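These protein sequence lines map, in sequence, to chains A and B.
Anchor point for the first sequence: position 7 equals 7 in our numbering, and the numbering is continuous, going up by one each time.
Anchor point for the second sequence: position 169 equals 169 in our numbering, and the numbering is continuous, going up by one each time.
Hints are computed from structural coordinates only; laboratory data are not their basis.
Note that the coordinates shown come from a computational prediction; the quantities given were computed from them, not determined experimentally.
Treat the hints loosely; a few may be bogus.
To be verified - Which residues of chain B face chain A? A partial, calculated answer using Cβ under 7 Å: (1) 4; (2) 92; (3) 158; (4) 173; (5) 177; (6) 180; (7) 208; (8) 248; (9) 258; (10) 260; (11) 263; (12) 264; (13) 267.
Beta carbons are placed, not taken as given, at the ideal position from N, Cα and C, and that holds for glycine.
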Amino acid sequence: MSMKTSSKLFGLVLALVMLITGCSQPGVTPAPASGANAEGGEASAAPGTDSPAVGFIFVGARDDFGYNQAAYLGSMAVEKAYPDMKVLRSENVPETAEAERVMEQMIKDGAKIIFPTSYGHLDPALNVAKRHPDVAFFHQGGLKTAENLGTYFGTIWEPVYLAGVAAGKMSESGKLGYIVSVPIPQVLLNVNAFQLGAQSVNPDATTSVVFTGSWCDPGQQANAANSLIDSGVDVLSQHQDCTKTVIETSERRGAMTIGYHANAATLAPQGWITGSVWNWSDLFVDMVDTAIKGEFKGSKYDGKFRGRLSENIVQLTEMGSEVPDDVKQFVEEKKAELVAGTLSPFAGPVLDQAGEVRFAEGEEPTLDELEAADFLVQGVIGNIPK
Amino acid sequence: MITDILTGAIRSGTSVMYASQGELISERAGVINLGTEGSMLCGALGGFAVTVWTGNPWLGTLAGGLCGLLISMIHAFLVLTCGANQLATGLTIMFFGMGITSFFGRGFVSEQIVGFNPVPIPLLSEIPFLGKVLFNHDPLTYLSFILVPLLWYLLFRTRLGVILRATGEREDVLFASGINPQLIRYAAVLAGGFLAGVGGVQLSVAFTHSWVENMVQGRGVVAVALVIFASWLPFRAMLGAYLFGAAQALQLTVQQTGLGISPFFLFMVPYILTLAALYIVERKKRSQTPEALRKVFTGTSAG
């Protein structure tokens, strides 16, 4: 009888574990770019016209030294540019039907412009957009669009490539580490750019990639960081929403670190090399401006908008105090070449891990091709989860 | 590589281990507390907050333990005094813990603390292999090394231990000999909550130095599972916690070797290992579920 009791108990407990861990995992939607614009019926007013309010939803906390902090700063800029406009914000909105509920509430509260800022908010936003043709949606990072839903993003892989150059220069072991969440194209693209940057200055450099399965699980992040450092990695980079734990862990362990999403140099006075960050402020203000004037349709924002390094929408932060001047200067030169268009990180030949040619000699992949990345380049150690 | 995995096992297993020792005390007295997850979260936040305010991680540990205890007090009251269903109550407490900590934790996400850091023990940490695995940890981890034998001694070699175990097995005998099992159960649940809270502190103040909403991520529930796997024995629960930690460390190490195994498969490994272990234990029929886990003693029915 005791056997039965404990088996039952265990079953319950296991179900719970799955519930909890399952809840916090962001949905891994492969999101094939479906070009079909769903809406047929014309709405009377252009979406977003004269909106008295604008709504922002964030998947995490506004001060996470990361993804959400960057988007939050953008929302602050909108608030400043439009003092009379109501700015509605909701943090920690999961990538589920809950997001639909929050957006519906914001629309009820007057918002005709909505910023769903997480990758996984796309499907809920598409559902809400269908129901409200008069509301303009600006989704961050999505690959699908609709009549009244455009997506915006930046070519963050450009500064990530530069960070890779800096990391390749700074690393003594030539072993770099990259802590990532789930295998979506954005993530793979960044890892590839980083490795290409590092191997452009150190052909023997490798990047060990570790998937945590989550956007923000400090326990797993600390595990991963410690594990990478134990194996000889001396520069850690990451693609996580909250970046604090990895940066602090690496600083305590005496490793160097590359930031992501937001400037976190203060967390690692010794080991901070540089970081790739978003500069949404001007872009958000311009998008809101376009929408309230009723000019959403036909503007550059009604499809897939991608801001470049040259437009200052993605940036490389200042270099850390421990970085020698010649490295700083070298990275600056590379940056100038990138901005001028004379340097192209993914110009062929680019080989994947198996040694197959992905972009042939002389080939220059388009942004769409890059955003569909489903491979890791040679020199990256680790697998894409299937 | 083996050294790394074993070190990683202790690093990431310690918080779970604290919580499972706490749950073990509670279940030995006949109360299942699924609210352990909630206690860990409250401990993690309380410990982190007090460490931010005072700069003293020991005060943080105390505070975190007390936060875990307070949450488990709700469980004890509802189950023992009001006679509520323990599983339902535990679940409620777990979700309550998630809610209350995300509400009060809002301002602590970007706070920085010094917290606990690894302190290599002189001489011992020089021993090859063992030194690195065992003697290069934070103070809370060392404390947990002492806690387990202490708990074992308490349970199986002292009068208090007999009383505690009797509470979970033969409450009527205990009641007849003039001891109120209700009181013992209260004490056991609260002690369990305290330890779960300390487990939370280990996670936030010693291991990650961070607070993030819902950062315990199911470790409290794993702790409850471990107690069952461990047949309510402290050393086995310790082993189970390290096994869970080792599986986590192993999957990270395997990812870095570039072997063609999907990380998503590897994420399941800790749970599969636990499941397999349970199966083996059950087959050997070594399970010793305390009788009282199946019902709640009110103090009147036997009297």
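> Quick check: which numbered hints come out false for this structure?
Replying inline: 2, 3, 4, 5, 6
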